[in-house]
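Chemist: Each chain, letter by letter, is given below.
Protein chains: 2
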Amino acid sequence: MSTRPGGRSARVRDAVLAATYAELAEHGYPALTVDAVATRAGVHKTTVYRRWGSVDDLLADALDQTRDTPWALPDTGTVEGDLIAITTEVAEAFGHLAVPTAVVAAAFQSPRAAGALRDFYAARQTQAALVVVRAVERGELPADVDPVDVVRTACAPLYYRVFVTREPVDVAVAERAARAALAAARAGVI
Amino acid sequence: MSTRPGGRSARVRDAVLAATYAELAEHGYPALTVDAVATRAGVHKTTVYRRWGSVDDLLADALDQTRDTPWALPDTGTVEGDLIAITTEVAEAFGHLAVPTAVVAAAFQSPRAAGALRDFYAARQTQAALVVVRAVERGELPADVDPVDVVRTACAPLYYRVFVTREPVDVAVAERAARAALAAARAGVI
Numbered sequence: 001m002s003t004r005p006g007g008r009s010a011r012v013r014d015a016v017l018a019a020t021y022a023e024l025a026e027h028g029y030p031a032l033t034v035d036a037v038a039t040r041a042g043v044h045k046t047t048v049y050r051r052w053g054s055v056d057d058l059l060a061d062a063l064d065q066t067r068d069t070p071w072a073l074p075d076t077g078t079v080e081g082d083l084i085a086i087t088t089e090v091a092e093a094f095g096h097l098a099v100p101t102a103v104v105a106a107a108f109q110s111p112r113a114a115g116a117l118r119d120f121y122a123a124r125q126t127q128a129a130l131v132v133v134r135a136v137e138r139g140e141l142p143a144d145v146d147p148v149d150v151v152r153t154a155c156a157p158l159y160y161r162v163f164v165t166r167e168p169v170d171v172a173v174a175e176r177a178a179r180a181a182l183a184a185a186r187a188g189v190i
Numbered sequence: 191m192s193t194r195p196g197g198r199s200a201r202v203r204d205a206v207l208a209a210t211y212a213e214l215a216e217h218g219y220p221a222l223t224v225d226a227v228a229t230r231a232g233v234h235k236t237t238v239y240r241r242w243g244s245v246d247d248l249l250a251d252a253l254d255q256t257r258d259t260p261w262a263l264p265d266t267g268t269v270e271g272d273l274i275a276i277t278t279e280v281a282e283a284f285g286h287l288a289v290p291t292a293v294v295a296a297a298f299q300s301p302r303a304a305g306a307l308r309d310f311y312a313a314r315q316t317q318a319a320l321v322v323v324r325a326v327e328r329g330e331l332p333a334d335v336d337p338v339d340v341v342r343t344a345c346a347p348l349y350y351r352v353f354v355t356r357e358p359v360d361v362a363v364a365e366r367a368a369r370a371a372l373a374a375a376r377a378g379v380i
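As they're listed, the protein sequences go chains S and P.
Sequential numbering of the first sequence, starting at 1, is according to the working numbering.
Sequential numbering of the second sequence, starting at 191, is according to the working numbering.
Quick caveat, the hints were computed from the structure, so don't treat them as lab data.
Among the hints, a few may not be true.
[Claimed, not checked] A short, non-exhaustive set of chain P residues, derived as facing chain S with CB atoms under 10 Å: (1) 294; (2) 347; (3) 366; (4) 367; (5) 370; (6) 372; (7) 378; (8) 379.
[Unchecked claim] Rough simulated footprint, nothing fancy, chain P against chain S, three-plus residues with beta-carbon under 8 Å: (9) 102-113; (10) 121-133.
[What the hints assert, rightly or not] Interface residues of chain S toward chain P, partial, derived using beta-carbon atoms under 8 Å: (11) 159; (12) 179; (13) 183.
Don't be surprised by glycine CBs; every beta carbon is placed ideally from N, CA and C.
Please model the complete structure; the sequences and the hints are all you need to start from.
Modeler: Pasting the structure below:
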C-alpha cells in the first residue's frame, strides 16, 4: 500500500475520515459505527478495522488530519482585525454545529477523543497566537503578553455560549470577544 | 402529598435529586437510570417514575433546584475582588469535575437537559452580574457596561479550558480571567 501523499492509501484515508465527520454530523458520536463509516466511504469494513480499529481511532485520526491541514492565518495589518477574523471564523463554524458539537461531546465519553481534541486545540491556538506575536513585533501590544492566552480569551466566550450556557453567537458577539481580549492584552493582564 | 417546604414531598425531592447528582458523578449521564436513582434515594421506583417520568426530567429538576438554591454573592468591596471570588469558585467547582462534566455532557444528548442548563446559567449569570451593577453604582466601572457580559467574559476561559481545549485550571487562571474581563469592562468594550 502506498503511503505517499495523494496515493491510494491517502485517498482511502481522506474518504474514510470525511465519512467519519459526515456520520458524526448526521448521527452524533453515540451512534458512530465503523460499519457505517466504511459503507459511506465505499471502503470494505475490514480495511477500516485493520487500519483504525475503532470509532475512537477514527475520530482521533480525523481530528489529527484537520489539525495538520494548513489553515490560513488572517493578516489584516492590525491585531484587532486579525483577532476579529479568528473569532468570526469560530462563530461561523458554529453555523454548522453538528460536527463541533459531536467532537466536543465525544471527548466526554472517550479519553482517546479527549486527547485528540486537546492536541487539536493546542496546535490551533499556537498557530493563531502568531497574530499576537506579529502584533508585539509591530509594537501594537506589550512584549510580555501571553500570545496563546490572548487567543484563548478571545475565543473562549464563543465556546462558552455554545457548549455551556447555550446562548447564541453571531458576528457581534465574535467582535466583542476579540476586542475584550485585546483590551486585556493592552492592559497587561494576560 | 404535602408540598410545603420541609414536608415529606420536599424531603423525597431532596433525596431523589441528591441521588441523581451522585449517580451522575459516579456513572455519567449515559448510564443514568431511574431505577438506580430510586434505589440510592431509598424511594420506591414507581414514586420516582410518577413524579419525574424520566432521567431527563430528574436531571432538569436537579438543575432547577440548584438554580433556585440561594447562592452567596461575594461582596469584597471591589469589583476585582468580587470577580476573582466568582471565577475562583468556578475553578474550585472543577476540582469535583464529575458532576459539571456529566451535566454539560448530558446537554449534548438531551434537549431537556440543554434547556435546563441554559436556564441554570441564565439565572446564575444574572445573579453574579450584581457585583458589576454594584461596581457601576460605586463608580468603579462605566455606566454603559453590560454586567452579564462582564461575568460571561470572566468565567468563559475556565469552561473553555475544561470542556473544549482540555487544559488545566487553577486559582492563577481564575484570577487572570477575572482581571481580563475587568480590563475589557474598564476599556468600555463589553
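Chemist: So, for every hint listed, does it hold in this structure?
Modeler: Tested hints:
1. Interface hint at residue 294(P): satisfied, since its Cβ lies 6 Å from the closest Cβ of chain S, which is below the 10 Å cut-off.
2. At a threshold of 10 Å, the smallest CB-CB gap from residue 347(P) to chain S is about 4 Å, leaving the interface hint in force.
3. Given hint, residue 366(P) at the interface with chain S, holds; its Cβ is 6 Å from that chain's nearest Cβ, closer than 10 Å.
4. At a threshold of 10 Å, the smallest CB-CB gap from residue 367(P) to chain S is about 8 Å, leaving the interface hint in force.
5. Annotation: residue 370(P) was flagged as interfacial toward chain S, and the flag holds, the nearest CB pair being 4 Å apart, inside 10 Å.
6. Interface restraint check: residue 372(P) against chain S, minimum CB-CB distance 8 Å, threshold 10 Å, status holds.
7. Because the closest C-beta pair between residue 378(P) and chain S is about 8 Å apart, less than 10 Å, the hint holds.
8. Annotation: interface hint on residue 379(P) holds; nearest CB of chain S at approximately 4 Å, less than 10 Å.
9. Residues of the stretch 102-113 of chain S with a Cβ under 8 Å from some Cβ of chain P number 5, which satisfies the need for three, so the listed coverage holds.
10. Given as covered by chain P, the stretch 121-133 of chain S passes the check, having 3 residues with a CB less than 8 Å from a CB of that chain where 3 are the minimum.
11. A distance limit of 8 Å between C-beta atoms decides the matter here; for residue 159(S) the minimum to chain P is near 5 Å, and the interface restraint holds.
12. Annotation: residue 179(S) was flagged as interfacial toward chain P, and the flag holds, the nearest CB pair being 4 Å apart, inside 8 Å.
13. For the restraint placing residue 183(S) at the interface with chain P, the shortest Cβ-Cβ distance is roughly 4 Å, inside the 8 Å limit, so the hint holds.
Every hint from the earlier list agrees with this structure, and none is contradicted.
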